[in-house]
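K.L.:
Based on the provided sequences and hints, a complete structural model is requested.
Quick mapping for you: the protein sequence lines, in order, are chains A and B. Mind the numbering: the first sequence is residues 1 to 286 in my numbering, read in order. Mind the numbering: the second sequence is residues 1 to 291 in my numbering, read in order.
These are computed hints drawn from the structure, not numbers from a lab. From a predicted model like this one, the values you see are computed outputs, not experimental measurements. Every residue gets a Cβ at the ideal spot worked out from N, C-alpha and C, and that includes glycine. It is possible that some hints are incorrect.
[Said to hold, decoys possible] Taking lysine-lysine pairs in the BS3-like style, the calculated list, with each CA pair at most 25 Å apart, reads:
1. K148(A) with K80(A)
2. K135(B) with K158(B)
3. K148(A) with K143(B)
4. K135(B) with K196(A)
5. K149(A) with K205(B)
6. K205(B) with K230(B)
7. K176(A) with K66(A)
8. K149(A) with K176(A)
9. K66(A) with K80(A)
10. K176(A) with K143(B)
11. K135(B) with K159(B)
12. K148(A) with K135(B)
13. K196(A) with K176(A)
14. K28(B) with K158(B)
15. K148(A) with K176(A)
16. K143(B) with K80(A)
17. K281(A) with K176(A)
18. K176(A) with K230(B)
19. K281(A) with K270(A)
20. K143(B) with K196(A)
21. K271(A) with K176(A)
[What the hints assert, rightly or not] Covered, in the sense of this in silico footprint (three residues per stretch, anywhere, with C-beta under 8 Å from a C-beta of chain A), are these stretches of chain B:
22. 10-20
23. 95-105
24. 136-144
25. 173-185
26. 244-257
27. 278-285
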Amino acid sequence: MIVSIASGKGGTGKTTVATNLAVSLGPGTQLLDCDVEEPNDHLFLNPHWESSQTVSTFVPQINESKCSFCGKCAEICQFKALVILKDTTLTFAELCHSCLGCVAICPENAVETGERELGELERGISHGIELVHGRLRVGEAMAPPLIKKVKAQARAENVIIDAPPGTSCPVVTAIKHTDYVALVTEPTPFGLHDLKIAVEAVRYMGIPHGIIINKSDIGTDDVRDFARAMNIPILMELPFQREIAETYSRGELLVEHSQEWREAFRTLWKKIRQEVELASKGRAVA
Amino acid sequence: MREVVVLSGKGGSGKTSLVGVFAALAEKKVLCDADVDASDLHLLLDPTVSLREDFQSGHTAIIDPDKCVQCGQCRELCQWNAISEDFVVDSLECEGCGVCYHLCPEQAVLFPVNTCGEWYISETRFGSLVHARLKAAEENSGKLVAHVRQQARSLAEKKGLDLIITDGPPGIGCPVIASMGGATAVVIVTEPTVSGAHDMERVLKLVGHFKIPALVLINKADLNPEVADKIEREVSKTAVQFLGRVPFDRAFTEAMVRGETLVEYDSGPLKTILVDIWEDLHRYILSLPSS
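P.N.:
This is how it looks when you write it as structure tokens:
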């Protein structure tokens, strides 16, 4: 089962839920940190790193000795990564989306393979679980290709994906084809507003989903009313306690401090499993 | 024209609450919400929309089943595996590269422009606000960020105002890069947590890459004074300005629930801290060249 931990709003507690859930499940669990712009799970797991590799993507490199300067590559490029002048070519590698249209259309086979570094893919072990994360190169604009590389590492029985905040393309890439999305929110106007957009996105994508309310004792009841009205299960509530916030600030896990939290996160996983089974039965009936 | 962009790296560190405070305290400015993915500033400012326009950017391929002969060339060329065995394009996977559209031998692929969101000019009790909404699960957030910033600049010029305060997105990727180009200064709002420190470091690197003057503000500073001290020490070793510390206070949430900025809701010591921070920030921005 692959479960995404996501949220519209940042800072609601995705990392807290993803790391504590993963560690409470123990061996046979993989945690894939797909927030490649700002990966944080490793700060809480302190893994022993086993491997690290640089991930690159295709960019065109034009062999000017073969090029006839016909300009077809620049015409097909939707992203303005190529400019062909009378007798010279300009490549803007950082704009390239690696669609290979220039390679396909060049009549002279003059487009050769260059590379742009996307970032690092790292894999480590901690608490008997495997952590994989991507670390986007600072200055690189495109997160989705690296997120796909992180997701391609999924192979354990229990896979937890820590998604980036928001609802745009990096989030879509992270949660697509997962079995369930747990949306972490806080019961404040900002939390509710961003939760609504996140629900819109997961419903559009047709993924079963539930809500985890963090800092559950602040704000108002509007998030609970929204969940009821939309018929979305509330999977877990974590109260705001200064102690929890301080534990987090030091980079420590709740489940390391208390057996109760460990049980609470195991119960969360069971609930999600039931929800996934229910959803697949629902699909079978439909 | 001067523009200050508020960023954080890590989400939820308090960017929008602080931009709300600056909005209440600053004079003669245009406000801009460049967190188009999950924009929240309007929840504090209660805007009345005066202009609403569609934002169009990028394309998505659609295969016309009447023209398609199922030769399979598009599926071979598509780098995104966006075309199914029965030749239907998955719009969520489609990158909008147009390779199938340009190279289909039957010209069976349509390639319409996407409407990926809306943008607005609104009036608020603190002046004009330019903001936007990206549709859920959409692409091109960076282009929409660039667009709202451009519109905020035009509006400020038209109104003869020389300051823009911009609420930026979290992270370090495309929308963040789009939010900082050409800014006068960037304020990084962080929190004294291992994640806050880590994420701040990465966004500061990015700001350094673009050579934009930066300031750091620690929010919720008393949650872990040790980490706060460490962040302040690290910052003081660099060219980045240290702007100050804001304590954790439930008043921020209480104000948000009422749709108010903290300085409207609170008149105690917290307000004084925030007023001082704004005055320091304002003085710093005025010391930098206008563009």
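K.L.:
A separate judgement is required for each hint: does it hold in the structure or not?
P.N.:
Right, here's what the structure says about each hint:
no.	hint	result
1	K148(A) with K80(A)	holds (24 Å)
2	K135(B) with K158(B)	violated (29 Å)
3	K148(A) with K143(B)	holds (22 Å)
4	K135(B) with K196(A)	holds (12 Å)
5	K149(A) with K205(B)	holds (24 Å)
6	K205(B) with K230(B)	holds (17 Å)
7	K176(A) with K66(A)	violated (41 Å)
8	K149(A) with K176(A)	holds (13 Å)
9	K66(A) with K80(A)	holds (21 Å)
10	K176(A) with K143(B)	holds (23 Å)
11	K135(B) with K159(B)	violated (30 Å)
12	K148(A) with K135(B)	holds (22 Å)
13	K196(A) with K176(A)	holds (18 Å)
14	K28(B) with K158(B)	holds (12 Å)
15	K148(A) with K176(A)	holds (10 Å)
16	K143(B) with K80(A)	holds (14 Å)
17	K281(A) with K176(A)	holds (20 Å)
18	K176(A) with K230(B)	violated (39 Å)
19	K281(A) with K270(A)	holds (17 Å)
20	K143(B) with K196(A)	holds (23 Å)
21	K271(A) with K176(A)	holds (21 Å)
22	10-20	holds (count 5)
23	95-105	holds (count 7)
24	136-144	holds (count 6)
25	173-185	holds (count 5)
26	244-257	holds (count 5)
27	278-285	violated (count 0)
When held up to the earlier numbered hints, the structure conflicts with 2, 7, 11, 18, 27 and fits the remainder.
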